[in-house]
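**Q** Residues per chain, in single letters:
Protein chains: 2
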Amino acid sequence: MPPETKPRVEVLYCGDTSLDTAASYLAGLLANAGIKFHYVPSDKPVEENLVNGSWSLVIVSDYPSPRFSRELQNVVVSRVEKGAGLLMIGGWESFHGLGGDWDGTPIGDLLPVVIGNKDDRWNCDRPLIVKQQAAHPIVDALPFQSRPPLIGGLNRIQVKPGDTQLLSAEQFQLEWNGDTPQLKPSASYPLLVVGKRGQGRVATFSSDVAPHWVGPLVDWGDARVTATAPGAPGIEVGDLYTEFFTRLVLWTAGRP
Amino acid sequence: MPPETKPRVEVLYCGDTSLDTAASYLAGLLANAGIKFHYVPSDKPVEENLVNGSWSLVIVSDYPSPRFSRELQNVVVSRVEKGAGLLMIGGWESFHGLGGDWDGTPIGDLLPVVIGNKDDRWNCDRPLIVKQQAAHPIVDALPFQSRPPLIGGLNRIQVKPGDTQLLSAEQFQLEWNGDTPQLKPSASYPLLVVGKRGQGRVATFSSDVAPHWVGPLVDWGDARVTATAPGAPGIEVGDLYTEFFTRLVLWTAGRP
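Which chain is which? The protein sequence lines are A and B, in order.
Its first residue numbered 87, the first sequence is counted upward by one per residue in my numbering.
Its first residue numbered 87, the second sequence is counted upward by one per residue in my numbering.
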């Protein structure tokens, strides 16, 4: 469709420490896709004027829930039900995490996953291989079968009944048998889950968009992409990583 | 042996950006092991008084060679030949890297590996599995066979004749065959190489000690270790990761 008929995507992006550290990744991806965003670092509260301002998608990524007031979270819930989007990305301060504490909050309750009430971080030295679990516009065009990426860790959450798991992270035991690595399946975790809430869309990606949990996924693809958001250092990442997160953001913001 | 008869280990540590970012990892490991260190961030030159001061090991990790004068590098070379240690750890500004440019320098030439003259960074989305290649006190006590860690990337260097490769990173193609991941060997890169120079020891670890290249190795082990160096944020990492880098530092500094 011609650009002028696409819904305009504008993001309120909260978390990932600061633009000059971890947030340089997602901010770089947004800039690369030409998506306007308002940014709130992890150590600052979300302010009323931003939540009441213009946005079609809220992204919460490694941002502690106590800095997002219940009143303002309720504004987000109500706008999502009227057609906006909500995306939570994993990290040590996402979902429950270590100080994320999103369980029992208005935003946490709106997500397509159940968040537990204790530390849900899974820092994993064993192979965690991404696997596609359902067909969907976010993931169908990407080579999850022929070239699955690996990740380094995630928040352990559960899929809500009625919502859809698109990707899982399959964990294996690994050992060397001579020169041959032996993999034995040991666990499966939901990684990408999507759902509808009223007129809006919600999604969770329970690993991280930035090191260290993003793992080798950050370099997914043969071609390299360089991008720089205003106020952030440049990033150099894989083209399939770039395409995956761009598709996730656009779909959750309401794009077809 | 009783502590007082052990050679005293004191480190001159250059690189990994700054203590409040990537250097918090190795600095935390040194603090955890009770090892005194002098620190030089990646954007500051190495000063004469530090190089002429007391240290038994120089660690250069993601530090650009132009900030380490040839004259002071020659002091390092001469002290290593008399019994001190030299360790280079990989990263985007290590070996050749992107702006590391250690090829053709006194420190670069002393290392047990050959550094090329162009970008040697290998950002890898495919499984890079660590494999032990020789017996040695740094690696023998660790479960590289029964629980090999994965890494995310490395500098591609070559082992010098006469020096010893202790670890390699074995790269595999990966695809899903139904629910079974299929691995196919595709390349092998030197990861840990050691050597002797006069009375001193030299070593290179060509992946990174910090995210993102360290990959799942940072979480290697069942138990978690928390540590904090003065001036750095705390780290929480795997116990086998901690033991590996502690052994590497102590051996290169001259411990039996």
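Since the hints were made in silico from the structure, they are not lab data.
The reader is advised that the hints may include incorrect statements.
[Said to hold, decoys possible] Chain B side only, calculated, beta carbon under 7 angstroms to chain A, not exhaustive:
1) 227
2) 231
3) 232
[Said to hold, decoys possible] Quick list of in silico lysine-lysine cross-link-like pairs, PhoX-like style, CA-CA up to 25 angstroms:
4) A:217 with B:282
5) B:270 with A:270
6) A:217 with A:282
7) A:130 with A:204
8) A:246 with A:282
9) B:204 with B:246
10) B:130 with B:246
11) A:270 with B:217
12) B:270 with B:122
Idealized CB from N, CA, C, for every residue including glycine.
**Q** To test your reading of the hints: which numbers does this structure violate?
**A** Numbers 1, 4, 10, 12 - these are the hints that the structure violates, sorted from lowest upward.
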